[in-house]
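Trainee: So the sequences go chain by chain: A and B. When the letters of the first sequence are read in order and numbered with our numbering, they come out as residues 1 to 316. When the letters of the second sequence are read in order and numbered with our numbering, they come out as residues 1 to 142.
You may find that some hints are simply not true.
Unchecked claim - Using 30 Å as the maximum straight-line C-alpha spacing, the simulated DSS-like pairs for lysine-lysine come out as follows: (1) 153(A) <-> 79(B); (2) 170(A) <-> 95(B); (3) 153(A) <-> 170(A); (4) 268(A) <-> 36(A); (5) 79(B) <-> 170(A); (6) 257(A) <-> 36(A).
Stated by the list, open to error - Which residues of chain A face chain B? A partial, calculated answer using Cβ under 7 Å: (7) 41; (8) 43; (9) 44; (10) 50; (11) 67; (12) 115; (13) 131; (14) 134; (15) 143; (16) 145; (17) 217; (18) 224; (19) 235; (20) 263; (21) 267.
Claimed, not checked - Derived CB-CB ranges, DEER-like: (22) 109(B) <-> 165(A): 23 to 33 Å; (23) 21(B) <-> 18(A): 46 to 56 Å; (24) 164(A) <-> 104(B): 50 to 60 Å; (25) 96(B) <-> 75(A): 54 to 64 Å; (26) 119(B) <-> 77(A): 32 to 42 Å; (27) 27(B) <-> 133(A): 36 to 46 Å; (28) 148(A) <-> 21(B): 48 to 58 Å; (29) 115(B) <-> 131(A): 11 to 21 Å; (30) 115(B) <-> 74(A): 51 to 61 Å; (31) 58(B) <-> 96(A): 29 to 39 Å; (32) 219(A) <-> 110(B): 27 to 37 Å; (33) 104(B) <-> 107(A): 46 to 56 Å; (34) 27(B) <-> 135(A): 45 to 55 Å.
Note that these hints are calculated values from the structure, not bench results. Here the structure is a predicted model, which is why all the values come from computation and not from measurement. Glycine included, C-beta positions come from ideal geometry on N, C-alpha and C.
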Amino acid sequence: MAGGQERILRGRIRSVQATKKITRAMELIAASRIVKAQQRVQAAVPYSEQITEVVRDLAAAGGSTDSPLLATRENIQTVCYVPISADRGLCGGYNAGVLRATEGEIKADVEAGREYIIVPVGRKSESYFRFRGYKLDQAFNGFSDQPTYSNAKEIGEHVVSLYASGAVDKVVLVYTRFISAGSQEVVLRPLVPLERDVISGGDGKPGQDGLSADYEFEPSPTAILETLIPRYIEARVYAALLNAAASEHAFRQRAMKSATDNAEELIKSLSRIMNRARQDAITTEIMEIVGGAEALSGGTKEIRLIDLGTFADSDR
Amino acid sequence: MSESAAMRVEVVSPERVLFSGQATQVITRTLGGGEVAFLAGHAPFLAAVVPNHTRVYLVDGQVLDIAVHGGFVEVSNGKVSILTDDAELGSEIDKNHAAAEVARLEEQLRHEHDAKGAAELGKAHARLAAAGGVSGTNAAAH
Chain A
1 MAGGQERILR GRIRSVQATK KITRAMELIA ASRIVKAQQR VQAAVPYSEQ
51 ITEVVRDLAA AGGSTDSPLL ATRENIQTVC YVPISADRGL CGGYNAGVLR
101 ATEGEIKADV EAGREYIIVP VGRKSESYFR FRGYKLDQAF NGFSDQPTYS
151 NAKEIGEHVV SLYASGAVDK VVLVYTRFIS AGSQEVVLRP LVPLERDVIS
201 GGDGKPGQDG LSADYEFEPS PTAILETLIP RYIEARVYAA LLNAAASEHA
251 FRQRAMKSAT DNAEELIKSL SRIMNRARQD AITTEIMEIV GGAEALSGGT
301 KEIRLIDLGT FADSDR
Chain B
1 MSESAAMRVE VVSPERVLFS GQATQVITRT LGGGEVAFLA GHAPFLAAVV
51 PNHTRVYLVD GQVLDIAVHG GFVEVSNGKV SILTDDAELG SEIDKNHAAA
101 EVARLEEQLR HEHDAKGAAE LGKAHARLAA AGGVSGTNAA AH
């Protein structure tokens, strides 16, 4: 009986060790990807800063702002949510954070009598909302750990067309902002229509040199704005995707690190139990042998001692 | 303004910064406006850019070829910024591959003409020109 328990424990330790190897590997992979993802976030900054500047300058320099994407609708009936989650699990509370924030907003909307629609990004958010019977629009997935600009473009074009067709009156991005490797936060950002304070605040003054107060436009300010704003939206979606990817890796690294630590802890306590079980088994066996030897020898002290010595020399 | 005066030039795409530094002249092609060259001290300017072969004349006399696949150009505060959806440095493009692509798209457009194919051809021409292939491409690209 006792030997059987030891064998079972040995098997458990082996399986925990194998799991630990996997979680350790995932931790290291995630750690190396954080750096890369962070660099991609950084690389996207100049473009988004510049395009923001251009949009502001254009708006301030008299580019007529009657673009529908700039006009806030008075009566908001349908809100479109774009939750950005991972394609895979095993990343701690990363997906849950985004999904919970989205669900909370939707509940508030439903209570306020508004409609909603979800454009899920990432397999996890799609399956979560589909399983719970939420209203879904087109889903985008398969690129959560390494999003490209063309992914952002597809999403941007889709939500802009949803907005332009009047199917939705507002588009909100829900994603995890990457602050540093140690801290990330779930944020909700209105995407369409663009908020006034995003586009205002540009100096609109082309130069301190005072050559001219106005830009030259080719073709016309309105035409430029018309093509510029979708790009601006795409750039924001892209920035959100990159932030989400970096956060995903950070979350996964943390989750896998604690999984590895837990596995180590488990191995330690299991080996302790196993050793005790083995010790028990040995003790019991010795006791049995001693008892048996005593019974055979009829109880003289001398023989008993000699017998014990023989047993100590053999392997058990 | 003297020819050699330098100005700040930036060519950025969402995924990376292609060029950032000093240059004496930038030539690109705007939507409906044809080719435009910017020198230092150019008036504030904002335009949409079509796919083209953009040339950046560096301070040391070298010319940087970039295939710009659409975007915007802004001149303000004496700085030229080109914002593009996608761009490639001429040195990164395989000339033979680009030429084959142009030939394939031209052949395809001969059979059926569609807007998407024409746009693709414009990009292919821009790539070929930036790679240093047969020129006259910007005229064809339009």
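Trainee: Determine which of the earlier numbered hints do not hold for this structure and return their numbers in increasing order.
Mentor: As far as the earlier hints go, 2, 4, 5, 7, 11, 12, 13, 14, 15, 16, 20, 21, 24, 27, 28, 29, 30 and 31 are violated by this structure, in ascending order.
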